[in-house]
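Peer 1: These are the residues of each chain, in order.
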Amino acid sequence: MLRVIVAVVCLAAAPLARAQSLSAALPDDRRIVRLEQWLHAVYEHDPGTADRHASFIALWKGSDLEKLLLDTEVLARVMRNPKLRQFTIKRDGPAFEIRYTRGQVDRLRILGTILGCGVPASNLLCGEAVLLAAREPDLKRLLTAVQAEPPDDMDNGVLRRGALLHTDIAVLVPESERGPDDRPVNATSILIEFNDGQQRALTAGPLHWAIARMLLDAVKPAGLERPAPERDEMVRHWYQATASWLLANEHFEETHFDRGREIFPDDALLQFFSGTVHEAQAGPRVQTMIRGATLPSGVTLGVKSARAEFRQAEGFFRRALELDPRMTEARLRLGHALLMQEHYADAATELRKTLDPAGDPLLQFYTVMFLGAAEEALGKPAEAAEWYSSASKLYPTSQSPRVALSALARRRGDRDGAWRSMQQVFALPNDERDRDDPWWTYTQQQGRAADLMLENVRLPFLRK
Amino acid sequence: MTRRLLVFALAALPIAATGQQASFSAKVEAIRVDVLVTENNQPVLGLGPSDFEVFDNGVPQKVELVSFEQIPLNIVLALDMSGSVDGERLDNLRGAGVSLVGALKEEDHVGLVTFSHLVTLGSGLTDDFTAVRRALERINGEGGTALIDGAYAAMSLGESDPGRPLLIVFSDGVDTSSWLPADSVLDIAKRSDVVVYAVATESRTKPEFLRDLTSLTGGRLYEVEKTANLGAIFFKVLQEFRQRYLVSYTATGVEQRGWHRLEVRIKSRRANVQARPGYLSGS
Numbered sequence: 074m075l076r077v078i079v080a081v082v083c084l085a086a087a088p089l090a091r092a093q094s095l096s097a098a099l100p101d102d103r104r105i106v107r108l109e110q111w112l113h114a115v116y117e118h119d120p121g122t123a124d125r126h127a128s129f130i131a132l133w134k135g136s137d138l139e140k141l142l143l144d145t146e147v148l149a150r151v152m153r154n155p156k157l158r159q160f161t162i163k164r165d166g167p168a169f170e171i172r173y174t175r176g177q178v179d180r181l182r183i184l185g186t187i188l189g190c191g192v193p194a195s196n197l198l199c200g201e202a203v204l205l206a207a208r209e210p211d212l213k214r215l216l217t218a219v220q221a222e223p224p225d226d227m228d229n230g231v232l233r234r235g236a237l238l239h240t241d242i243a244v245l246v247p248e249s250e251r252g253p254d255d256r257p258v259n260a261t262s263i264l265i266e267f268n269d270g271q272q273r274a275l276t277a278g279p280l281h282w283a284i285a286r287m288l289l290d291a292v293k294p295a296g297l298e299r300p301a302p303e304r305d306e307m308v309r310h311w312y313q314a315t316a317s318w319l320l321a322n323e324h325f326e327e328t329h330f331d332r333g334r335e336i337f338p339d340d341a342l343l344q345f346f347s348g349t350v351h352e353a354q355a356g357p358r359v360q361t362m363i364r365g366a367t368l369p370s371g372v373t374l375g376v377k378s379a380r381a382e383f384r385q386a387e388g389f390f391r392r393a394l395e396l397d398p399r400m401t402e403a404r405l406r407l408g409h410a411l412l413m414q415e416h417y418a419d420a421a422t423e424l425r426k427t428l429d430p431a432g433d434p435l436l437q438f439y440t441v442m443f444l445g446a447a448e449e450a451l452g453k454p455a456e457a458a459e460w461y462s463s464a465s466k467l468y469p470t471s472q473s474p475r476v477a478l479s480a481l482a483r484r485r486g487d488r489d490g491a492w493r494s495m496q497q498v499f500a501l502p503n504d505e506r507d508r509d510d511p512w513w514t515y516t517q518q519q520g521r522a523a524d525l526m527l528e529n530v531r532l533p534f535l536r537k
Numbered sequence: 143m144t145r146r147l148l149v150f151a152l153a154a155l156p157i158a159a160t161g162q163q164a165s166f167s168a169k170v171e172a173i174r175v176d177v178l179v180t181e182n183n184q185p186v187l188g189l190g191p192s193d194f195e196v197f198d199n200g201v202p203q204k205v206e207l208v209s210f211e212q213i214p215l216n217i218v219l220a221l222d223m224s225g226s227v228d229g230e231r232l233d234n235l236r237g238a239g240v241s242l243v244g245a246l247k248e249e250d251h252v253g254l255v256t257f258s259h260l261v262t263l264g265s266g267l268t269d270d271f272t273a274v275r276r277a278l279e280r281i282n283g284e285g286g287t288a289l290i291d292g293a294y295a296a297m298s299l300g301e302s303d304p305g306r307p308l309l310i311v312f313s314d315g316v317d318t319s320s321w322l323p324a325d326s327v328l329d330i331a332k333r334s335d336v337v338v339y340a341v342a343t344e345s346r347t348k349p350e351f352l353r354d355l356t357s358l359t360g361g362r363l364y365e366v367e368k369t370a371n372l373g374a375i376f377f378k379v380l381q382e383f384r385q386r387y388l389v390s391y392t393a394t395g396v397e398q399r400g401w402h403r404l405e406v407r408i409k410s411r412r413a414n415v416q417a418r419p420g421y422l423s424g425s
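Sequences listed follow chains A and B, in order.
Just so we're on the same page, this note's numbering is the position in the first sequence counted from 1, plus 73.
Just so we're on the same page, this note's numbering is the position in the second sequence counted from 1, plus 142.
Misleading hints may appear alongside valid ones.
To be verified - Stretches of chain A that chain B covers, calculated by requiring three or more beta carbons in the stretch to come under 8 Å of a beta carbon on chain B:
| no. | stretch |
| --- | --- |
| 1 | 356-362 |
| 2 | 365-377 |
| 3 | 487-495 |
Said to hold, decoys possible - Incomplete in silico selection of chain B near chain A, CB under 7 Å:
| no. | residue |
| --- | --- |
| 4 | Leu260 |
| 5 | Asp291 |
| 6 | Ser326 |
Source of the hints: derived by calculation from the structure; they are not laboratory data.
Glycine residues also receive a C-beta, built at the ideal position from the N, C-alpha and C atoms.
The following block holds chain B by itself, in its conformation from the complex:
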């Protein structure tokens, strides 16, 4: 969310006696929040603007627009291709990626970023799904893990095109090679529209970065013991993302700059609402 739509409203002033024309611009920020609404773990469908309550830094906002399954998706897969991903794990990862691409709609776009210590673009955002499948067939595991750099690169790709960005990160290890510190990328995530879902293989080392990144962007972290069901998880993520609402409002009564705490509720229902906890304005 937080893709800012800058609306320049030009108001004509009376022409001054000197003959000079003056004008001013007013900046209006339209805020978008990606929201998942569930009851008993089932998505709640059919909600409209009047069903939502949005509080920006505690100030109630007027919800202007709620979209559901109307905006094509920009899905970016960010896959860990470090040395620990090989054999069956690599096959499962390839298979899961191919299955996900197979479940996309014609109007969707998909991109692929892989990372070991190298961050590489497997495919830019495209509707040529065959090309992405071919790119997935070529991936191979080798080297260290630049998870933080890779996640940032994938977020950048997701933001590079108008649309509704979903980033799915898979990693089976800890970061060993990134230049960027985790805090830096988490700070950027607060400014980004991208919703991040992540799948991490279970280990004694907790995937703290992925936990924070998914939480800050309103996504979800899956920790799996094995990769055999990776395809099913990717598909579940896609389904869940399609069942999310895109809630839009114009921020009023709040400071323009800085961190904005967000709270989204559903009127008259005890529904579970999953959305990013806030956004960093001015970016």
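The shape of chain A in the complex, shown without the other chains:
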């Protein structure tokens, strides 16, 4: 399955409500009830599982999640500053204000105060909130959960755990077990789903990742006055792990990668992952699908021409190598991007630097296959054949090196040699389970450590 994200969401504006102090709750207010249900799910969710809390939130409709996105952003601000009266949201479009009723604002302040009890400036209000919580079981449950967080990171708990909850929904809850997305598809964020080259679905952009990103934007490391996600290692590791997962699953959601780089511009891994997004989008697979995509009127795709995408990929790989010259995989993919731009000699130079007989066989396979293609284009068929042959030895049941050898021989006029190599292809096992060809998964392999990376991000938040 292949998904392509093409734009960003633009949300509607609403006027502002005013609020002054902590007062009566609004248990029958649907919007607030939903927000409180979400808060309980956040604290009770067991990270790394599709438990009942994740399943519950996953069933919410797209329009409800969109409201949740706004409400949680407001809540995060109120948590930092319970006296806040105006809620102006700035996303990709123009800024807009959200209007709440007085009762809604009061409840948001209570919730925000409880969540932010670790913030010294809110101590007085915190005491007030604790008194209110003593009278209301749901608030008490929330307060207990907040206070169970590490003391120096208590106010970030809802943000981190909320991000993990939505990550788990995006990663672990199957599409079939999620609520319907009732948002119009004419929004500026669109998700296109392809399967075997055919367009299968066109929906509004995914919200779980957007909610998670927004929550982590508000993370404020201990000792700092303002949110500073760029100073937080959990946020960095979350971006790395989720980027890896998105790539492993061919979800080319550029917004996610852009935001990661915006926060961590000097992170070699995020630069590398961004390069692989463009590398995949440059490939014939995405390019062909994009040409045949059916889009709503007025919508254009963010995917550029193959050459332009490879050029962008090259830029990201070069930047990754500036930041970490030992990143072999970035150099390998730089070689591939150069190869595909027909800079064959430069490609061969970079690829030779990644040759390492004792290295990871997977990366060596790609290296020698691309070196073969570069040498073939440089008019060195004997060298090309040697590289392809070495690839076939690294993966004895792989198809692509043998196909490459056959075509190389055939183009040289060696029909017998071409047929011999093709016979080797035909002699491979018919069952896919008995074959192993890394070429088939080239556009996903950069995300092969995603599960482990996600586990590491979740580790400090697991239930004891």
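Go by the hints and put chain B onto chain A.
Peer 2: Relative to the frame of chain A, chain B by itself:
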């Protein structure tokens, strides 16, 4: 076409005073062109060498031989077995393959290549039609689409045996998994004898590779909305191929190497002639 017949003509030279014997070889290329001649969409039959005019890079050539329905066919079916081919579509594809095999002559041979992201040999070229029918019964759709690799593998199978190779490709999707770039296989097609016919299901993504491949080999591309009539199309392809002429000439007055532009005409008739647009010599 362009199966080159290399004729080594050895000419004896007078024995030199030293007693050493010298010899040389001369290479003569016999070019074969598969040609379909139609008038009002009906095949024109009964033509002989004198009816054809062949121009190789603009240079008129002497047509030496025209065969019609004399050479057994080597038919290779290359079928897309990716994940999108299932249910009724798969049944139709199987049925079409079995029908085609049923329409072959005893002296013909047939082979089967299937491709998802895996390229597999269902059957080598054989006159055991029952075995091929059994192979067709076993096919199942799953995975990505390595159309370019699959088409190349099937061309290789078609070339692997002397005879008159016809490749019929069916695909319902775009290439998602091939190693070979399209240009590489199109380049090989220019050097090959195989005539490629293709059937592609209609979609917003144009089957550019199949269009180019069929055009370069003198075949034809069918774009179909549904697969219900696939059997009839396969049969039509077979009938059309049997009604083609195999025109042979020895290339003279032209450079040996490189791309040769071909033009085939029928003298004194306004017939429609379908043949490959050229060939790449030296392969």
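Peer 1: Under the criterion of a CB-CB separation shorter than 7 Å, is Leu260/B in contact with chain A as hinted?
Peer 2: holds (6 Å)
Peer 1: Can you take a look at whether the stretch 356-362 of chain A is actually covered by chain B? Rule is 3+ residues, C-beta closer than 8 Å.
Peer 2: With 4 residues in contact (Cβ-Cβ under 8 Å with chain B), the coverage given for the stretch 356-362 of chain A holds.
Peer 1: Does Asp291/B pass the interface hint, meaning its C-beta sits closer than 7 Å to a C-beta of chain A?
Peer 2: At 5 Å from the nearest chain A Cβ, Asp291/B passes the 7 Å test, so the hint holds.
Peer 1: Is the hint on Ser326/B kept, meaning its closest Cβ partner in chain A is under 7 Å away?
Peer 2: holds (6 Å)
Peer 1: The stretch 365-377 of chain A covered by chain B? Criterion: 3 or more residues, Cβ-Cβ distance below 8 Å.
Peer 2: This one holds; 3 residues, not fewer than the three required, reach chain B with a Cβ under 8 Å.
Peer 1: For the stretch 487-495 of chain A, count the residues whose Cβ lies under 8 Å from any Cβ of chain B; is that count three or more?
Peer 2: holds (count 4)
The structure agrees with every numbered hint stated previously.
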